[in-house]
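**Student:** Keeping their order, the protein sequence lines are chains A and B.
Using numbering that gives the first Met the number 0, read the first sequence as starting at 0 and increasing by one per residue.
Using numbering that gives the first Met the number 0, read the second sequence as starting at 0 and increasing by one per residue.
Worth flagging that the hints you see were computed from the coordinates, not collected in a lab.
All residues carry an ideal CB built from backbone N, CA and C; glycine is no exception.
Heads up, some of the hints might be wrong.
Only part of the chain B face toward chain A is listed, based on derived beta-carbon distances under 10 Å [as the list claims (entries may be wrong)]:
{"hint": "1", "residue": "76"}
{"hint": "2", "residue": "85"}
{"hint": "3", "residue": "101"}
{"hint": "4", "residue": "103"}
{"hint": "5", "residue": "115"}
{"hint": "6", "residue": "116"}
{"hint": "7", "residue": "117"}
Pairwise CB distance ranges, derived in the manner of DEER restraints [stated by the list, open to error]:
{"hint": "8", "chain 1": "B", "residue 1": "13", "chain 2": "A", "residue 2": "151", "range": "47 to 57 Å"}
{"hint": "9", "chain 1": "B", "residue 1": "50", "chain 2": "A", "residue 2": "325", "range": "53 to 63 Å"}
{"hint": "10", "chain 1": "B", "residue 1": "48", "chain 2": "A", "residue 2": "325", "range": "49 to 59 Å"}
{"hint": "11", "chain 1": "B", "residue 1": "79", "chain 2": "A", "residue 2": "311", "range": "43 to 53 Å"}
Straight-line Cα separation of at most 30 Å, DSBU-like style, residue types lysine-lysine; simulated pairs [unchecked claim]:
{"hint": "12", "chain 1": "A", "residue 1": "11", "chain 2": "B", "residue 2": "345"}
{"hint": "13", "chain 1": "A", "residue 1": "321", "chain 2": "B", "residue 2": "10"}
{"hint": "14", "chain 1": "A", "residue 1": "145", "chain 2": "A", "residue 2": "126"}
{"hint": "15", "chain 1": "B", "residue 1": "233", "chain 2": "B", "residue 2": "345"}
{"hint": "16", "chain 1": "B", "residue 1": "225", "chain 2": "B", "residue 2": "212"}
{"hint": "17", "chain 1": "B", "residue 1": "90", "chain 2": "A", "residue 2": "11"}
{"hint": "18", "chain 1": "B", "residue 1": "233", "chain 2": "A", "residue 2": "233"}
{"hint": "19", "chain 1": "B", "residue 1": "225", "chain 2": "A", "residue 2": "233"}
{"hint": "20", "chain 1": "B", "residue 1": "192", "chain 2": "B", "residue 2": "79"}
{"hint": "21", "chain 1": "B", "residue 1": "10", "chain 2": "A", "residue 2": "233"}
{"hint": "22", "chain 1": "B", "residue 1": "345", "chain 2": "B", "residue 2": "212"}
{"hint": "23", "chain 1": "A", "residue 1": "233", "chain 2": "B", "residue 2": "345"}
{"hint": "24", "chain 1": "A", "residue 1": "145", "chain 2": "A", "residue 2": "101"}
{"hint": "25", "chain 1": "A", "residue 1": "11", "chain 2": "B", "residue 2": "298"}
{"hint": "26", "chain 1": "A", "residue 1": "233", "chain 2": "B", "residue 2": "90"}
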Amino acid sequence: MESVAEIEQRIKRARRTFDDLRAEIGRVIVGHHELIEQVFIALVCGGHCLLEGVPGLGKTLMVRSLGETLRLSFSRIQFTPDLMPADITGTNMLTDDPSGRKVFEFQHGPVFAHIVLADEINRATPKTQSALLEAMQEQSVTVGGKIHRLENPFMVLATQNPIEMEGTYPLPEAQVDRFFFKLLLQFPSRDELARIADLTTAAPLSALREVLDAQGILQMRQWVREVPLADAVKDYAVRLVLRTHPRQETKNGGESLAQRFVLYGSSPRGLQSLILAGKARALLAGRPNVSFDDIRSMLLPSLRHRLILNLEADAEGINAEKVLGQIVTEVAEVA
Amino acid sequence: MSAVRDPLQVKFAELLAWEQRKRYEQVLTCVACAAMALALLVLPFHGLLPFSEQLRWFIPAALMLVIAPWFFYRWRWQNKDATRALVRVDKTLRLDERATTAWELSARAESSATAQLVFKQAAESLLAVEPRSLSPRQWNWPSYTVIPLFVLWFALLWFDADRPFLDRSRPNAPRTLAHKLLEFSRELQESAKSEGLRESLKAGQELENLARKNIDAKTDDEPFKKELAGVAKKLEAGGKPGADANPFSAGESQQSLRDLRAELEAARDLLDLPGGDKGARELPQQWLDRLASMPQIKKQFDKESGQGFGQNDLKSFLDRLERQATSELDRRALIDAQQFLEQMMKSGQGKSESSTQTVGRGEKESLDDDGVREKRFSNLPGKEPGKKDDGVNSLPEFRGGAQTQVKGLLGEGDSSGVIYKGKPTPGKSELSEQEVIANYRRQAEQELNSERVPEALKETIRNYFLSLGGGNR
């Protein structure tokens, strides 16, 4: 059994690692501090991220940098309409064995990496998109009746462009729900833009330092799950998730945004994400327990893609962020 | 590691006990506030409450006892309240829910290293904290309201603000003799003050003191009557004519005495009229002319056969007249008071004597048995002797039952008789003839004083009543 000192040491190490990672990625990525933290949280929670942002904001660069600093294998799949599932998972190829006999040999697809960048995932057909489903949920692929285990840790970072919707295939709800976080990339500020110009038009940077390996990540995943969570905080998270459902009554009896604009609320996976992310945030902040603030901070990335809004919301310009913002203000910390 | 957990649990217990105490104090304040508000609301319904008046002082306490269980059940201390209290502690000390987590983990007897770390970090901040200073009492609005409400309620009860409601809701509830006496004494004092009647004023004060003493002591009417008898004797002694000769006959009305006093005031100017020789034996003609315009003085002047009065003689004559008139008014007021007391002693409570026993004023104010003061005006202009009643006399409306008042019109000649209005009370009358006449005399004087009687007819009416010769009958 570990001692208190060891636990303290562990928390400090987790925090230091995260600080190092942030500093290292910060060398190539300007701004996006919150985004980097959330991606790392998803990583130590064993989740996948859906990154949404207009082209040129550094999505791919960030994912690539993350792979470099984590000493993990990295592969990139550019999703296009003609991409086939086998192009992702791999396929059985007919080859000659040393004795000259013809045999089928499994050729691993790009999904066999620690970090997979599924670039512009909504450009592929649903058939191809669904090839990722098993990989994301089961961390395995089945080809020719044979199950192939994926790397551990395994993380999919998918990107999609929110404005160029022509010729795209929106992700099915089942697949969206499998993403731990949906993260939005904001356009950089004036200062950040200036720094981006400096960084990208000067001499190339030296290679990024590796701050964590696969073993370290798996260890951190274990630590995250050991962070204690008070019943009061858990109850708060549960009530937040429940409030996303349109049939939940509000305290004051009035009609909330969720009641008016939400078709389906968050799934239980949303609650899992919320709590696990809260634990990871507490650990990375150097705390041994989860606070209400951890839960609140993780609410948007955990739940925004799990709320299915109705047409009225679309017509009135109501998005999930607005609905969740109202829920946070309405739900009391202690019932 | 129970070395950390145990003291922390003690601290949690201490913190929660303090919060619990604050909660019960707040509930108690709310109960008190609600009870006081209810006590104020039920003030008009005191008469409907099925217990004696003394117990009304305990109404808030009784209400508190009734509503307290509901309040304490509604706001009972629950587990979520403990959580809330600890979350507040976390916020105050910026512990990021360490206290809440530690409390829950300690309740679950968690002993993992992570739990111990939470205990340790929570203990570092919590053990040195004093609950009272960390979370001091906060007074809510009921706390600020309860004392003013209590003061208001106490003041209302102290000044018998519920009395009208009590009496109205209990129409047959007897008013004590002391209350009636108090009322009479106040009116007597007012009247005495306005007319400068010293003896009556003193008597009024004495009666008021007596009434107050008995009201405060809540004594019964019977022992009070004995005290009244003593006071009545005293008044009777004061009401007897003095040794010095008083020129006013018993038939002299109070109004004529008052008129005389008014004329005496005016006659003071006479002394300053020019042309008068202080040593002269005869009054100048202009003085005599002025005297002729003052009928009451003229009457007395004639009685004295004032021919040959000098100015000094006139002054001493006027002074003497004023003294005598005041003394006579004073004496009559004392007699009235004595009669009132005697009637009170005879009739006791529940009788309708008070309406005829008010001290004479410009208009008659009377109290009915309900204790409600109402103004009654006689619309009877009076009847000149010898003239026939044309049948348009309208008397004040009489009430039936026990409160029936018998009024009659007495006239000379053919039309004399008694008219009864209202439902007569079966049985024998308890009023003596003397009392009836005294009552009528007083009523007549009061009516005469009212503006409703034409000035020119006042003297005629007065003469008529004097001609009845109440004393002889």
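**Student:** Work down the list of hints and note, for each, if the structure agrees.
**Tutor:** Evaluated hints:
1. 76: 14 Å, violated
2. 85: 8 Å, holds
3. 101: Holds: closest Cβ of chain A sits about 8 Å from residue 101 (chain B), inside 10 Å.
4. 103: 5 Å, holds
5. 115: 5 Å, holds
6. 116: 5 Å, holds
7. 117: Cβ of residue 117 (chain B) sits 5 Å from chain A, so the hint holds.
8. B:13 <-> A:151: 47 to 57 Å: Hint holds: Cβ distance 49 Å, inside 47 to 57 Å.
9. B:50 <-> A:325: 53 to 63 Å: 56 Å, holds
10. B:48 <-> A:325: 49 to 59 Å: Holds - the Cβ-Cβ distance for residue 48 (chain B) and residue 325 (chain A), about 52 Å, lies within 49 to 59 Å.
11. B:79 <-> A:311: 43 to 53 Å: Hint violated: Cβ distance 36 Å, outside 43 to 53 Å.
12. A:11 <-> B:345: 102 Å, violated
13. A:321 <-> B:10: 42 Å, violated
14. A:145 <-> A:126: 19 Å, holds
15. B:233 <-> B:345: 17 Å, holds
16. B:225 <-> B:212: Distance ~14 Å between residue 225 (chain B) and residue 212 (chain B) Cα, so the pair holds.
17. B:90 <-> A:11: Within the cut-off at roughly 24 Å; holds.
18. B:233 <-> A:233: Between residue 233 (chain B) and residue 233 (chain A) the Cα gap is close to 90 Å, so the pair fails against 30 Å, i.e. violated.
19. B:225 <-> A:233: 83 Å, violated
20. B:192 <-> B:79: Judged against 30 Å, a Cα distance of about 72 Å means the pair is violated.
21. B:10 <-> A:233: Measuring from Cα to Cα gives roughly 24 Å; hence the hint holds.
22. B:345 <-> B:212: 21 Å, holds
23. A:233 <-> B:345: 85 Å, violated
24. A:145 <-> A:101: Holds, at about 19 Å.
25. A:11 <-> B:298: Distance of about 122 Å is beyond 30 Å: violated.
26. A:233 <-> B:90: At roughly 17 Å apart (the allowed maximum being 30 Å), residue 90 (chain B) and residue 233 (chain A) satisfy the hint.
This entry does not satisfy hints 1, 11, 12, 13, 18, 19, 20, 23, 25, going by the numbered hints stated previously.
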